[in-house]
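Number of protein chains: 2
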Amino acid sequence: MHCFINGQFVSIQEARLGIRDLALLRGYGIFDFFRVKDNIPLFVDDHIDRFFRSSEITRLPLPYTKRALKDLVLELIELNNAHRSGIRLLLTGGYSEDAYTPASPNLVITQEPIKPLDASVYQNGVALITHEFQRELPTVKTTGYLTGIWLADKIKAAKAMDVLYYTQGHITELTRSNIFIVQQDNTIKTPAANILPGVTRKNILALPGEKFKVEESVVTLDDLRKAKEVFITSTLKKVVPVIKIDETIYSGGKPGTVTLALLEQFEAFENTWLTDHGVNP
Amino acid sequence: MHCFINGQFVSIQEARLGIRDLALLRGYGIFDFFRVKDNIPLFVDDHIDRFFRSSEITRLPLPYTKRALKDLVLELIELNNAHRSGIRLLLTGGYSEDAYTPASPNLVITQEPIKPLDASVYQNGVALITHEFQRELPTVKTTGYLTGIWLADKIKAAKAMDVLYYTQGHITELTRSNIFIVQQDNTIKTPAANILPGVTRKNILALPGEKFKVEESVVTLDDLRKAKEVFITSTLKKVVPVIKIDETIYSGGKPGTVTLALLEQFEAFENTWLTDHGVNP
Numbered sequence: 027m028h029c030f031i032n033g034q035f036v037s038i039q040e041a042r043l044g045i046r047d048l049a050l051l052r053g054y055g056i057f058d059f060f061r062v063k064d065n066i067p068l069f070v071d072d073h074i075d076r077f078f079r080s081s082e083i084t085r086l087p088l089p090y091t092k093r094a095l096k097d098l099v100l101e102l103i104e105l106n107n108a109h110r111s112g113i114r115l116l117l118t119g120g121y122s123e124d125a126y127t128p129a130s131p132n133l134v135i136t137q138e139p140i141k142p143l144d145a146s147v148y149q150n151g152v153a154l155i156t157h158e159f160q161r162e163l164p165t166v167k168t169t170g171y172l173t174g175i176w177l178a179d180k181i182k183a184a185k186a187m188d189v190l191y192y193t194q195g196h197i198t199e200l201t202r203s204n205i206f207i208v209q210q211d212n213t214i215k216t217p218a219a220n221i222l223p224g225v226t227r228k229n230i231l232a233l234p235g236e237k238f239k240v241e242e243s244v245v246t247l248d249d250l251r252k253a254k255e256v257f258i259t260s261t262l263k264k265v266v267p268v269i270k271i272d273e274t275i276y277s278g279g280k281p282g283t284v285t286l287a288l289l290e291q292f293e294a295f296e297n298t299w300l301t302d303h304g305v306n307p
Numbered sequence: 027m028h029c030f031i032n033g034q035f036v037s038i039q040e041a042r043l044g045i046r047d048l049a050l051l052r053g054y055g056i057f058d059f060f061r062v063k064d065n066i067p068l069f070v071d072d073h074i075d076r077f078f079r080s081s082e083i084t085r086l087p088l089p090y091t092k093r094a095l096k097d098l099v100l101e102l103i104e105l106n107n108a109h110r111s112g113i114r115l116l117l118t119g120g121y122s123e124d125a126y127t128p129a130s131p132n133l134v135i136t137q138e139p140i141k142p143l144d145a146s147v148y149q150n151g152v153a154l155i156t157h158e159f160q161r162e163l164p165t166v167k168t169t170g171y172l173t174g175i176w177l178a179d180k181i182k183a184a185k186a187m188d189v190l191y192y193t194q195g196h197i198t199e200l201t202r203s204n205i206f207i208v209q210q211d212n213t214i215k216t217p218a219a220n221i222l223p224g225v226t227r228k229n230i231l232a233l234p235g236e237k238f239k240v241e242e243s244v245v246t247l248d249d250l251r252k253a254k255e256v257f258i259t260s261t262l263k264k265v266v267p268v269i270k271i272d273e274t275i276y277s278g279g280k281p282g283t284v285t286l287a288l289l290e291q292f293e294a295f296e297n298t299w300l301t302d303h304g305v306n307p
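One line per chain: the protein sequences are A and B, in this order. Heads up, the first sequence is in my numbering, so the first residue is 27 and it goes up one at a time. Heads up, the second sequence is in my numbering, so the first residue is 27 and it goes up one at a time.
Bound conformation, chain A alone (with noise of 0.2 Å):
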């Protein structure tokens, strides 16, 4: 497989960073990551717009225009031509003279194999735990992971797949996933602040309002434990039911109706996506 790196493509075995990068001694580093289908990546315009607005707030310059990134993204994978995979896009504080200021950053594009979520997830459901904290510039897509790593153990040991953060009584959004909760109306509510705005939580706010209508609002604990069903989205999971959050069960232990209605409309949009971007504008 082969990656981009400071304006060259080499092969991702090859690729190395020196040891004085801002990103890897200070953590100060950006990036986005969306999938590809069939050579095609999938919501490219909104995932370079966010990685575009993540280097404007840390002040990172991007040497290139949206579009001549785009260009390196649609030749790379054509040069790779690894149909079900993910495109990562990083850029780094770059290697700093004292070891604290960005310098001129480093742009780092690979792609590299993804594998499906099983099957039982969106049979079954999933589970998860909460934990107090806000993550940093958290409109920012960082490279901060920290808090979330650290807490792999106690996320295993209570058989989740992840962890809901929440602060002040807010709850805000997971690792890597937006979060939504179905209240006892039907209506459907997502945080609306301290979150990453999430291209799949976009799209779900898009879809034709017919059947459901979703709104961007403070979520509580309490909303939170009062829901009738929950789910979470993102790039690789699309919209993943909850079923369980620490000691509360949702929608009787299984995935709920609306989830699964908004999953079947969310993929039916993807596919129409798909093909009317089936060939490279």
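Fair warning: there could be bad hints in the mix.
The list makes no distinction among identical chains, and a pair is therefore deemed to hold if it is satisfied within one copy or across any two copies.
[What the hints assert, rightly or not] List time: in silico SDA-like cross-link candidates among lysine to any residue, alpha-carbon distance up to 25 Å: (1) K96 - I31; (2) K252 - A186; (3) K96 - R202; (4) K63 - E123; (5) K182 - A129; (6) K180 - Y126; (7) K270 - I38; (8) K280 - R202; (9) K185 - T173; (10) K228 - P89; (11) K185 - S122; (12) K182 - T127; (13) K141 - Y121; (14) K63 - D124; (15) K180 - P87; (16) K182 - Y126; (17) K180 - A125; (18) K228 - Q291; (19) K63 - R46; (20) K180 - E82; (21) K185 - T127; (22) K180 - P164; (23) K239 - I140; (24) K96 - S111; (25) K182 - R46; (26) K92 - N212.
In short, the hints are calculated from the structure, not lab data. As the structure is a computational prediction, the values presented were derived from the model and not from experiment.
Dock chain B against chain A, hints included.
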């Protein structure tokens, strides 16, 4: 300059890590840093102890005993023979298969030139700004400096040296320093919890308290505003007087007498330590 990377001493220009390292991709890494004076690593055992504690908490195993790691440090110092310098120990999450789960850690030891702080810092004192923030895994010296680096523009605009973090009305620490306040009755307090236990902080706490009484406790923003003097401590800074925090001026806008006495006492302590450890054990 040479460094040590995964079992080998190589030139720092040749030292590289692969792009699947988890410190790079997910900010999962720890480090430590200490000064070298006349080829003697200052308070090296304290730093190695802390590095091992960080390694235990983050479950990143070190492939050496403390004694063996210290021998590697001494070997590197002898090899480089760079008198005024710092040693950085870095341990990362390793090359992760799924870009999320820690693998076999990468260990890097670098020796780097340091420049002493400008004399004006001690003569005139420094300004700080405050920011509400709690560092993740605060007792661990992680590579997580995102918020501090992101605040650089704000720090610069305020003509400040650094940022003091507080959480729920309690002050904690700076990006790379601990903080002490001298109260009106000359008692000295430093935050006890949610901080990195600094080695200079530990040494200040252990100085013979004939003249001053130092205690670890809760320090509120109100305690801070009412303080007579403020100073910060770190491996590179030793004891630096603070004369302004946000809009509050301390000790008439010049370094306080208690602070300067403690700086002198600390430097005497350091010199005694160096004399006592002048021969490699």
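| query | Which hints, by number, does the structure contradict? | reply | Numbers 7, 10, 23, 26 - these are the hints that the structure violates, sorted from lowest upward.
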